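Undergrad: Okay, here's what each chain looks like letter by letter:
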Amino acid sequence: NAGVMQNPRHLVRRRGQEARLRCSPVKGHSHVYWYRQLPEEGLKFMVYLQKENIIDESGMPKERFSAEFPKEGPSILRIQQVVRGDSAAYFCASSPQGDNSPLHFGNGTRLTVT
Amino acid sequence: TQLLEQSPQFLSIQEGENLTVYCNSSSVFSSLQWYRQEPGEGPVLLVTVVTGGEVKKLKRLTFQFGDARKDSSLHITAAQPGDTGLYLCAGAGGGGSNYKLTFGKGTLLTVNP
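From first to last, the protein sequence lines are chains A and B.
Under the working numbering, the first residue of the first sequence is numbered 148, with each subsequent residue one higher.
Under the working numbering, the first residue of the second sequence is numbered 109, with each subsequent residue one higher.
If you are wondering where the hints come from, they were derived from the structure by calculation, not from laboratory data.
Watch out, some of these pointers could steer you wrong.
Unchecked claim - Think about it this way: if two alpha-carbon atoms lie no more than 30 angstroms apart in a straight line, the pair counts; the simulated DSS-like pairs of lysine-lysine are:
hint, chain 1, residue 1, chain 2, residue 2
1, A, 209, B, 165
2, B, 213, B, 167
3, B, 165, A, 191
A quick note: this is a predicted structure, and the numbers were derived from the prediction, not measured.
This is chain A alone, in the form it adopts within the complex:
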């Protein structure tokens, strides 16, 4: 059984470019969460999605960041016009249900903005 798959594992972007991070949840999981881990910081919640719906995006910056989880295909976290402060590890997690379900995390995408 494949776990949560994230790609790419490492992504380097210049300031002003776009970054697209992909996440395929565990097979059968319909709940996806994105977390960001900044250097010296704990993991911070960004967004919670179910298929085709954004349930809670309260942790996501209002500008330049967007997320989707289409009916077919992986969940995508998109960062437009990246800045150096966006450099971080971005983790995706999935669960079979919401509310207190254990989260299965991927190995993350490490974004470096130069």
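Since the structure of chain A is provided, determine the placement of chain B on it from the hints.
TA: Frame of chain A, contents of chain B only:
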């Protein structure tokens, strides 16, 4: 804003020693989870504690949830080099949403052979 404070931040011990790490908050959580994270990988869930005062054991690891559900501890007996890693606690149920986890910054444990 809910915060989870973990202590110590760093811990370096010799193989065979015992240790305890702590996770404290002023907020009440509906449950608390402990994860271990290896370098370059995502967190892996070790245990979830739900009931105030609950104690769970996982081989040499003992997890306890405080009576008031605001704090937790992880005790490792006879630590081994394979226990080396970043230990994270995460609280669920903050702000009325059980799906949103509040993570501590972690305790980085190094067990020397």
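Undergrad: May I ask which of the numbered hints given earlier this structure violates, with the numbers listed in increasing order?
TA: Hint 1 contradicted; others consistent.
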